[in-house]
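> Mapping to the working numbering: the sequence shown position 133 is 135, numbers consecutive.
These aren't lab readings, by the way, just hints derived from the structure by calculation.
Owing to the predicted nature of the structure, the values given are computational and were not obtained by experimental measurement.
It cannot be assumed that every hint is accurate.
To be verified - Quick list of the computed label-pair ranges, beta carbon to beta carbon:
1. Ser391 to Gln358: 34 to 40 Å
2. Phe74 to Gly289: 18 to 24 Å
3. Ala153 to Ile206: 41 to 47 Å
4. Gly289 to Glu34: 31 to 37 Å
5. Ala153 to Asn390: 43 to 49 Å
6. Gln358 to Met83: 50 to 56 Å
Said to hold, decoys possible - In silico BS3-like cross-links for lysine-lysine, where the CA-CA straight-line distance does not exceed 25 Å:
7. Lys159 to Lys185
8. Lys401 to Lys345
9. Lys257 to Lys219
10. Lys395 to Lys4
11. Lys62 to Lys394
12. Lys156 to Lys127
13. Lys156 to Lys124
The C-beta atom is built at its ideal place from N, Cα and C for all residues, glycine as well.
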Amino acid sequence: MKKNVLLLCQYFYPEHVSSAILPAQLAEDLAESGDNVSVICGWPQEYHDGKSVPKRETYKGINIYRLRYGNFNNKNKIGRMINFFSFFMSALMKLPKIMKYEVVIVYSNPPILPLIGYWAKKLSKIKLVFVGFDLYPDNAIAINAINPEGAISKMMKYINKRVYSNADRVVAISSDMKHYMLKTHKELDEQRAVVIPNWYTGEIENSEIIKNNEFKKLRETYQLIVLYTGNMGEAQELDTIVESIINMNKSAKYKNVLFVFTGHGSKKDEIEQKLMSAGISNTKFYGFLKGQDYKDILNISDVCLVSLKKGIEGLGVPSKTYGYFAYGKPVISIMSDETELAKNITTYKAGFNVMQNDIEGFLTSVESFLENPKLVFECGENSLKIHNSYYKKSISLEKYRDVIDTLIGTNHIDKGDKEYV
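Assemble the whole structure, with the sequences as input and the hints as a guide.
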């Protein structure tokens, strides 16, 4: 039966960041399943190619309502806060309309947004689903970005307590995130906490035909290509990677190993400069890649890297890893061996996990792949098994549908197509 579902998020189609594509693909799936799906989102800004978009649009059966909000520099803390609060206020004006839906799915970006879902829940009969892509302020406190006793932290703890207490379902994107939620939020019970992993949002295109000529030349030049994609910021364990590369430069046996970094983040310029100052020549840095270029860089790579700083475990999952698994790439993870990712990588023999600051362990892992091409193939096959078992898009989308069906129940009355916003 047709259900009236609203997604509330800052980023959505046509923005090309994962936090926009994931809700867009969920909305598409729900619409294809016959539900009446609406989205309240922010106006495309930071992750958009600049083409004009309408305020209201029906896209693939989804009713999209875009809200204008501040467009200050997101790399600046004050600018980011202004953007967050201006979007929050724009969305808050829609509260009377939000209350008319049956199910409201609200995302953790920006962190204050779920408060609107909480108010809608308290003032109406909606079923509220909170999706935690990352956990704020815990992640910011872990990297010393905010004071744990400061005003921002106290405000977020106030919001979180109410959201976790009242949400009908709280979605964690990994088992260690669910464990962290239950440990730190006593108001959340096991029954309402569910694990639904994110997924690789792109098209999987394993091909020996590389269209990017520069990437093609790299593949022809180096024996082993090790890839790092995505964010290079405070939450990622980059020192272990950088120090390992510098150590490799002391030995001729690593001369045919290339490290490729693609993405952005507050640490990118710093690590590029550090490697350059150390005279390292076997590294390449690129910006944010998408489309065919991203497919090409994945296809030429032999091994992929993913990392988390100590203390970040359970507060988020690096989205890049889903693409690595989907493309059947061996993975070297640098994080606690208690994380879901590390456990899957080691259990399925899809690569190696090394602890933060374990330079020797990192070098040994790279050397194992360099000396044994068969191992690259075997770990790649096992990586694909992880994707097919846990992180396939269809698996997670079905879990979201099950959550909605469970909340609506068998007494649901089909109200037909409704547009409330």
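> The structure should be examined with respect to each hint, and the outcome stated for every one.
Do the hints match the structure? See the list:
1. Ser391 to Gln358: 34 to 40 Å: Between Ser391 and Gln358, where Cβ atoms are some 27 Å apart, the hint is violated.
2. Phe74 to Gly289: 18 to 24 Å: Holds, at about 22 Å.
3. Ala153 to Ile206: 41 to 47 Å: At roughly 45 Å between Cβ atoms, Ile206 and Ala153 fall inside 41 to 47 Å, so the hint holds.
4. Gly289 to Glu34: 31 to 37 Å: holds, 34 Å
5. Ala153 to Asn390: 43 to 49 Å: Since Ala153 and Asn390 have Cβ atoms about 46 Å apart, the given range 43 to 49 Å holds.
6. Gln358 to Met83: 50 to 56 Å: violated, 30 Å
7. Lys159 to Lys185: Distance ~14 Å between Lys159 and Lys185 Cα, so the pair holds.
8. Lys401 to Lys345: holds, 22 Å
9. Lys257 to Lys219: Given that 25 Å is the threshold and the Cα spacing comes to 16 Å, the pair holds.
10. Lys395 to Lys4: Holds, at about 22 Å.
11. Lys62 to Lys394: Holds - the C-alpha atoms of Lys394 and Lys62 are around 22 Å apart, at most 25 Å.
12. Lys156 to Lys127: violated, 28 Å
13. Lys156 to Lys124: With a Cα-Cα distance of about 21 Å, the restraint between Lys156 and Lys124 holds, given a limit of 25 Å.
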